[in-house]
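Q: As given, the protein sequences belong to chains A and B, one line each in that order. Per my numbering, the very first residue in the first sequence carries number 1; after that it's consecutive. Per my numbering, the very first residue in the second sequence carries number 1; after that it's consecutive.
Hints are computed from structural coordinates only; laboratory data are not their basis. The structure presented is a predicted model; accordingly, all values stated were derived computationally and were not measured. All C-beta atoms, glycine included, are put in the ideal place defined by N, C-alpha and C. Just to be clear, a hint being listed does not mean it is correct.
Every beta carbon over 10 Å from chain A, so not counted as near; a handful from chain B, in silico [what the hints assert, rightly or not]:
1) G93
2) W149
3) A214
BS3-like cross-link-like pairs, simulated, lysine-lysine; straight-line CA separation at most 25 Å [unchecked claim]:
4) A:K280 / A:K236
5) A:K236 / B:K317
6) A:K286 / B:K153
7) A:K280 / A:K270
8) B:K317 / B:K271
9) B:K286 / B:K317
10) A:K286 / B:K236
11) B:K286 / B:K153
12) A:K153 / A:K96
13) A:K153 / B:K25
14) B:K268 / B:K286
15) B:K286 / A:K236
16) B:K153 / B:K25
17) B:K280 / A:K286
18) B:K280 / B:K268
19) A:K286 / A:K268
20) B:K236 / A:K317
Protein chains: 2
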Amino acid sequence: MTLGYPEPKGSFDLREMISIYLKAKGIIASPSSIMVVSGGIQALQFISLGLLQRGSAIFHEIPSYLQSLHVFQSAGMNLFGIRMDHDGIVTEGIGKLKRQHNGALLYTIPNFHNPTGILMKETRRKALLAACINERLPVIEDDVYGDLWFDEKPPAPLKAKDDQGLVLYIGSMSKTLGPGLRIGWIAGPEPVINRLADIKMQTDYGSSALSQYAAAECLSSGFYSQYIEDIRTALKNRRDFTIGLLNRYFKGIATWDTPAGGFYIWLKLKKTLSMQKLFKLALREKILLNPGNIYDRNGHSHLRLSYSYASFPQLEKGLARLADIIQCMD
Amino acid sequence: MTLGYPEPKGSFDLREMISIYLKAKGIIASPSSIMVVSGGIQALQFISLGLLQRGSAIFHEIPSYLQSLHVFQSAGMNLFGIRMDHDGIVTEGIGKLKRQHNGALLYTIPNFHNPTGILMKETRRKALLAACINERLPVIEDDVYGDLWFDEKPPAPLKAKDDQGLVLYIGSMSKTLGPGLRIGWIAGPEPVINRLADIKMQTDYGSSALSQYAAAECLSSGFYSQYIEDIRTALKNRRDFTIGLLNRYFKGIATWDTPAGGFYIWLKLKKTLSMQKLFKLALREKILLNPGNIYDRNGHSHLRLSYSYASFPQLEKGLARLADIIQCMD
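Bound conformation, chain A alone (with noise of 0.2 Å):
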């Protein structure tokens, strides 16, 4: 372990160590064509900054994870949302909007997506697939829930299909060993890694040489793979718990989906509301609702539960006054 100037990739034992894991996901990615960096925000913004110019436009799912798409906002892209459907995003139209408006890149979150925890099918990720590379439009898999699925492994990612060079993989440990660590990863095509990492040191100089050994130590000695048995073990009894609490508190009032994994329930409220005004009642029952993750630009009839924080107890207090307030409102 050397705390001195690091290498612009990262340091070569992590992403040696990556290489392996990605092989366990079908992706094949030599350490060259891998980048370390301080999470799945950080990816984007050396994505925006050295792949994309101003005004590029950006098609995303909707709803999307707005972090993500503050970032290319940020950086001045023109953001275009493509529905959803329970199979993941909708793949009818990508062909015309992308000539419509000269697309540059969809990102797109195929496993327990963030808001909706939609896990996308593996017969709309070969069509998702199919189409991008028939129109040449490049794409952004944001994989950073994927290790976090509860009775099967999800299917395998764009990236492990994608024989054209057409797919940026970005995956993450902080969803999974806490954010603390700040390390996530890129896989690409080595000449767009080495474009990133010009990018990255002209920005950072890189994550902490401590992060990125723990990093590496955690993959090499089966730390991770075990720790990550637990969580999916205690994400899977959350969900339970939570999927039962809403049977019983929200059977008249709300629609879901049960999640194959990841941290999130997207409830389809029955009627139309105002959400400043749930907020508000929310919060004087001491009930945080997060509004940055309850966007959805189309409509005011969804709400994002995440189970995988409060305790039980708190779990059940809160979404039986919930459903009380949404009872209670007009």
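Starting from the known structure of chain A, arrange chain B on it as the hints suggest.
A: Chain B alone, transformed into the frame defined by chain A:
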């Protein structure tokens, strides 16, 4: 609540609420001398970009928060550490250091310092401010832990006594309401805040309007002050439990101070050992020591413990095993 183009300094409503919130700490700052940021780290990035030149000398406590130092390093600054004692940063040598290196700025965490947990005493605050005024050395006061006191409020912030406009004050809701909201602030002289707002507009269109709305509501509704009381109680219980464990398991092998607030206990091991080896051995026992948090350039004798996250059984099991590991190392 509008979702349109945000004001450069952040939403006026939120800045007005922050202004009132800061007044209770003795800080007089009008909304126009406050800028909303996404968190403490972003505040440091704007300051580095907007106010400092590459190669500037930055003074900081040693040890200090690694991620903060990383921002300065990334911006090409030269870092100089100043040692601490139990009362906070040692002020005697500041004048000499300033003249020697043409110091541009001093960065300090007076309240529940990361990683040591030290609370800067009132007399030390006076001495520090006097030294900095004497040397015309601007100060960044990082106060993201200031609300997390247990038995009594910390002494007034440096900023409250700053009649020369020498202090830039940073606060955040990330340590209290959680990192998801991504709302923090900088308070300082209006021309400086205007300059920082220019920089902000060049790099980032500002924090999410929804998050800003939520933060303003949390402050104005009283939710924040109620919530923070609960957090204080819970954290204090955690501190007491953890100190109890240290008394049980670490009596012979380490010393520590009992923190009066915040998240951290700074454990000084009685013997010097290889942190790399300790990290590996702990990992085998499924204990993740975050080496990004045990950064102590001058030796390998300290560990930062956080009592804010792990469950009580996890804390007990982890600390008991850690003590065993340390005792068995040569």
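Q: All hints, please: hold or fail.
A: Hint check:
1. G93: About 25 Å separates G93 of chain B from the closest Cβ of chain A, which puts it past 10 Å; holds.
2. W149: holds (21 Å)
3. A214: violated (5 Å)
4. A:K280 / A:K236: Cα-Cα ~31 Å, so violated.
5. A:K236 / B:K317: holds (23 Å)
6. A:K286 / B:K153: Holds: K286 of chain A and K153 of chain B sit about 24 Å apart, inside 25 Å.
7. A:K280 / A:K270: holds (20 Å)
8. B:K317 / B:K271: Cα-Cα ~22 Å, so holds.
9. B:K286 / B:K317: It holds: about 10 Å lies between the C-alpha atoms, which stays within 25 Å.
10. A:K286 / B:K236: Roughly 21 Å between the alpha carbons, so the hint for K286 of chain A and K236 of chain B holds.
11. B:K286 / B:K153: Violated - the C-alpha atoms of K153 of chain B and K286 of chain B are around 37 Å apart, more than 25 Å.
12. A:K153 / A:K96: At roughly 33 Å apart (the allowed maximum being 25 Å), K96 of chain A and K153 of chain A break the hint.
13. A:K153 / B:K25: Cα-Cα ~51 Å, so violated.
14. B:K268 / B:K286: holds (22 Å)
15. B:K286 / A:K236: holds (21 Å)
16. B:K153 / B:K25: Measuring from Cα to Cα gives roughly 9 Å; hence the hint holds.
17. B:K280 / A:K286: violated (42 Å)
18. B:K280 / B:K268: holds (19 Å)
19. A:K286 / A:K268: holds (22 Å)
20. B:K236 / A:K317: holds (23 Å)
The earlier numbered hints that this structure contradicts are 3, 4, 11, 12, 13 and 17.
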